[in-house]
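Student: Okay, here's what each chain looks like letter by letter:
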Amino acid sequence: MRSETRWAYVFVLPWLIGLALFQLGPMLASLGLSFTEYDLISSPEFAGTANYARMAQDPKVAVAIGNTVLYTALHVPLAIVLALGLALMLNRVGGRGAGVFRTIFYLPSMTPYVAVGVLFLFLLNGQAGMVNQFLGLFGIDGPQWTTDPDWILPGIVLMSLWNLGSTTIILFAALRNVPAELAEAAMIDGAGTWARFRRITLPMISPALFFVVIINTIASLQMFDQVYAMFFGNQATQQASGDSALFYVVYLFQQAFQFLHMGYASALAWVLFLVIALITLVQWKVGGRLVHYEAGDRA
Amino acid sequence: MTRRPFFWLMLAAASVIFLYPFVWLVVASLKPRSYTFSDPFVPWPDPFAPESYAAVWEAAPMLAWLVNTVLVGLAAAVTVTLSSAFVAFGFAYFRFPGRNVIFASVLGTMMLPAAVTLVPTYLIWHAAGLTGTQVPLWAGNLFGSAFYIFLLRQFLLGVPRYVFEAARVDGASYLDLFWRIALPLAKPALIIAFVFELKASWFDLMKPLIYLQDPALFTLPRGLKAIVDQFYQGGDPKWELVLAASVITTLPLIVVFFAGQRYFVQGVATTGHR
Chain U
0 MRSETRWAYV FVLPWLIGLA LFQLGPMLAS LGLSFTEYDL ISSPEFAGTA NYARMAQDPK
60 VAVAIGNTVL YTALHVPLAI VLALGLALML NRVGGRGAGV FRTIFYLPSM TPYVAVGVLF
120 LFLLNGQAGM VNQFLGLFGI DGPQWTTDPD WILPGIVLMS LWNLGSTTII LFAALRNVPA
180 ELAEAAMIDG AGTWARFRRI TLPMISPALF FVVIINTIAS LQMFDQVYAM FFGNQATQQA
240 SGDSALFYVV YLFQQAFQFL HMGYASALAW VLFLVIALIT LVQWKVGGRL VHYEAGDRA
Chain W
0 MTRRPFFWLM LAAASVIFLY PFVWLVVASL KPRSYTFSDP FVPWPDPFAP ESYAAVWEAA
60 PMLAWLVNTV LVGLAAAVTV TLSSAFVAFG FAYFRFPGRN VIFASVLGTM MLPAAVTLVP
120 TYLIWHAAGL TGTQVPLWAG NLFGSAFYIF LLRQFLLGVP RYVFEAARVD GASYLDLFWR
180 IALPLAKPAL IIAFVFELKA SWFDLMKPLI YLQDPALFTL PRGLKAIVDQ FYQGGDPKWE
240 LVLAASVITT LPLIVVFFAG QRYFVQGVAT TGHR
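Protein sequence lines correspond, in order, to chains U and W. Following numbering that gives the first Met the number 0, the numbering of the first sequence begins with 0 at its first residue and continues without gaps. Following numbering that gives the first Met the number 0, the numbering of the second sequence begins with 0 at its first residue and continues without gaps.
It is worth saying that the hints were derived from the structure and are not from the lab. Don't take each hint at face value.
[Claimed, not checked] To spell it out: a stretch of chain W is covered by chain U in this simulated footprint if at least three of its residues, at any positions, have a beta carbon under 8 Å from a beta carbon of chain U; those stretches are: (1) 23-31; (2) 49-63; (3) 93-103; (4) 124-134; (5) 154-165; (6) 245-253.
[To be verified] Beyond 12 Å from chain U on every Cβ pair, some chain W residues (computed): (7) Trp43; (8) Pro46; (9) Leu73; (10) Leu174; (11) Pro187; (12) Ile190; (13) Leu216.
Predicted model, so just to flag it, every value in this text is computed and none were measured. We put the CB at the ideal spot given by N, CA and C, even for glycine.
Pulled out of the complex, with its shape left as it was, chain U reads as follows (with noise of 0.2 Å):
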């Protein structure tokens, strides 16, 4: 072998050597050990496809597939509306305000997770948070957000909405490549506002509107931090919320290192992946067809 081909296999070596450790070997362990019984004491037994039998009657997995996914189909749409919107605001203020409200758009995301959680219990409190206090000045009764089964998901939401920073981001960027002569040659054609948002605006920054929907949709099937911060752990908090807050890597983490219940939850983790995989497939497929690639775009 050359040298210099002996040099490039040393560079990437590290990348090799973790991909074998920590991607590939576990996926492929996990897949193993999902079909075996294993609690870290005594070794795996082999269990057939018993694990993912008892998933499927598993009552404590349907209510956090309902929860992770119910979130999933409020929380994207929202967001990316949401971010859409503070994007077209940066987009229109320009210059260095724009750089200015953008900092105040992304600071909550410089937020760890758990003082979000933390933050949101205090916001969200039925009795006396903020969130009630101020819908109370218009003489509405908030709900018990914190504790109502059929509340807590909706406030979940609405924390998760607080955090649209990256989003935003990701938008902005896109917004201000959208040449600006496009919609000036729109206008003398006599376009109105919702015209050249829709026939250029859109299309234009398609490509990054299917991306954010992707990285979103999977951020959100993964929920984790900041449900577990407000709602687990805590023997008071767990029974007050029953199981509205159990989302499906909640539910994936307790088995694993609460009830050391390896085996089950390796099937638990491989079905997941398997939805993100398919979920992100079909995004692809449909995407492909929605997405307007700029020539060259696609590089």
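Assemble the complex: chain U is given as a structure, and chain W must be docked to it using the hints.
Tutor: Showing chain W alone in chain U's frame:
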């Protein structure tokens, strides 16, 4: 640029929505417990009671947690930045058999959900006898991370090849090329990787939950979680401690953000990293 008052009203309202929760948090942390929830729209603490900060320092090893968070964060950020740059240089500079396949594996793992590898990764650290230590919180970073490898490779591809060739002619080794030419030139991208990993490490709750049992080793998010569990609800709630600990957990990162804002914004816009 625009004349419509409605637009500015919307912008002001959005700004208040994103900023005011911080104001409330800081103000509430500076009030006595019985006033925590009162007058949420008054943006200053009345009555003023900064004792909660001293109290939380007494009630929990906040300083140790802060130091742990900084050390783990630095270890995670330094290792991931250097290792990712090392690998990225390999992809950017060399042509070698299998390069495209290996690079495809980098792209492929970017979408791999972390939850899938949670259990086996734990088993690896368990087998290595390192659970209960802080090592699992950062040591995985020694092998580079897909997002940063991708970012740094893109950046290094932009460096004209003759810069490297000239140094080769002068007798520089490949390690020299990496260390003396690629690294200094890639500084903006290195900073992006560094600040993002620092943030990610500072945010992380799950790994500390899994790997740390001894409170002396906790990072701030794990410590804050312990404080919430103990003081938010139950017999004797001490909200002012929970609020003060939340401010202490959040504030250093906000400072880092203002120092490195340019890089955060660039990083989000170019890699879509959250």
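Student: None of the hints should be skipped; say for each whether it holds.
Tutor: Hint check:
Counting residues of the stretch 23-31 of chain W whose beta-carbon sits less than 8 Å from any beta-carbon of chain U gives 3, enough to reach three: the coverage restraint holds. Under the rule that three or more residues need a Cβ within less than 8 Å of chain U, the assignment of the stretch 49-63 of chain W is violated, with 0 such residues. Counting residues of the stretch 93-103 of chain W whose CB lies closer than 8 Å to any CB of chain U gives 6, so the stated coverage by that chain holds, three being the minimum. For the stretch 124-134 of chain W, the stated coverage by chain U is not satisfied: 1 residues place a CB nearer than 8 Å to a CB of that chain, which falls below the threshold of 3.
Under the rule that three or more residues need a Cβ within less than 8 Å of chain U, the assignment of the stretch 154-165 of chain W is violated, with 0 such residues. Figure legend: the stretch 245-253 of chain W, annotated as covered by chain U; annotation consistent (5 residues with Cβ-Cβ distances under 8 Å, at least 3 required). A cut-off of 12 Å between C-beta atoms confirms that tryptophan 43 of chain W is not in contact with chain U; the least separation is 15 Å. Every CB of chain U is more than 12 Å from the CB of proline 46 of chain W (nearest about 17 Å), matching its label as outside the interface.
Leucine 73 of chain W, annotated as away from the interface, keeps every beta carbon of chain U farther than 12 Å; the closest lies near 17 Å. Not every Cβ of chain U is farther than 12 Å from the Cβ of leucine 174 of chain W; the closest lies at roughly 8 Å, contradicting the non-interface assignment. No Cβ of chain U approaches the Cβ of proline 187 of chain W within 12 Å, the least distance being about 16 Å, so the stated non-interface status holds. Every CB of chain U lies more than 12 Å from the CB of isoleucine 190 of chain W, the least distance being 16 Å, so the non-interface label holds.
Here leucine 216 of chain W stays apart from chain U, with its beta-carbon at least about 17 Å from theirs, past the 12 Å limit.
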